[in-house]
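S.K.: Sequence:
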Amino acid sequence: NFAFWIVLFFLMIVLFTLFNNGASTTSGRTIGYSDFLQRVEAGDVSRVVIDGETLRVTDRSGQAYTTIRPTGENPTDRLIESNVSVEARPQER
10 NFAFWIVLFF
20 LMIVLFTLFN
30 NGASTTSGRT
40 IGYSDFLQRV
50 EAGDVSRVVI
60 DGETLRVTDR
70 SGQAYTTIRP
80 TGENPTDRLI
90 ESNVSVEARP
100 QER
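Positions 10 to 102 (the numbering used here) are the ones given, in order, by the sequence shown.
These are computed hints drawn from the structure, not numbers from a lab.
Be aware that one or more of the hints could be misleading.
Label pairs and their computed distance ranges (CB to CB) [unchecked claim]:
id	residue 1	residue 2	range
1	L20	A51	43 to 51 Å
2	D53	N83	18 to 26 Å
3	R98	Q72	19 to 27 Å
4	R87	L27	34 to 42 Å
5	N83	T26	35 to 43 Å
6	N10	S43	55 to 63 Å
7	I15	S94	47 to 55 Å
8	E82	F13	52 to 60 Å
Glycine is no exception: its CB is placed at the ideal position from the N, C-alpha and C atoms.
Generate coordinates for the entire structure from the input sequences, incorporating the hints supplied.
M.R.: Laid out in structure tokens, this is it:
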């Protein structure tokens, strides 16, 4: 009975680690804002979620990454002109 609980405990740790690393890999990849703009101009970006200063980007191949929008920059018009799907969310505090 004790061995069962030990195995179950380690199994839970392994599952938590797998799911946690998978989530952070998707949203944890960050690129510079100028690199992001170059990708937009090249047509490599399909979707952007604007969340305050954070831009959550999905490229044409389905890869996700984030970038930080500099203060005063508003890429919305450029994104729309490049046929990028844009979604804006209120900044989370």
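S.K.: If a hint holds in the structure, say so; if it does not, say that too.
M.R.: Hints and how they fare:
A C-beta distance of roughly 44 Å is found between L20 and A51, which places it inside the suggested range of 43 to 51 Å. At about 20 Å, the beta-carbon gap between D53 and N83 stays in the expected band of 18 to 26 Å. At roughly 21 Å, the beta-carbon separation of R98 and Q72 lies within the given 19 to 27 Å, and the hint holds. Separated by about 38 Å at the C-beta atoms, R87 and L27 satisfy the suggested range of 34 to 42 Å.
Taking the beta carbon of each, N83 and T26 are about 39 Å apart, inside 35 to 43 Å as hinted. For the hinted restraint 55 to 63 Å between N10 and S43, the CB-CB distance of approximately 59 Å keeps it satisfied. A beta carbon spacing of about 48 Å between I15 and S94 agrees with the range 47 to 55 Å that was offered as a hint. A hinted range of 52 to 60 Å holds for the C-beta pair E82 and F13, which are about 56 Å apart.
When each numbered hint is compared with the structure, no violation occurs for any of them.
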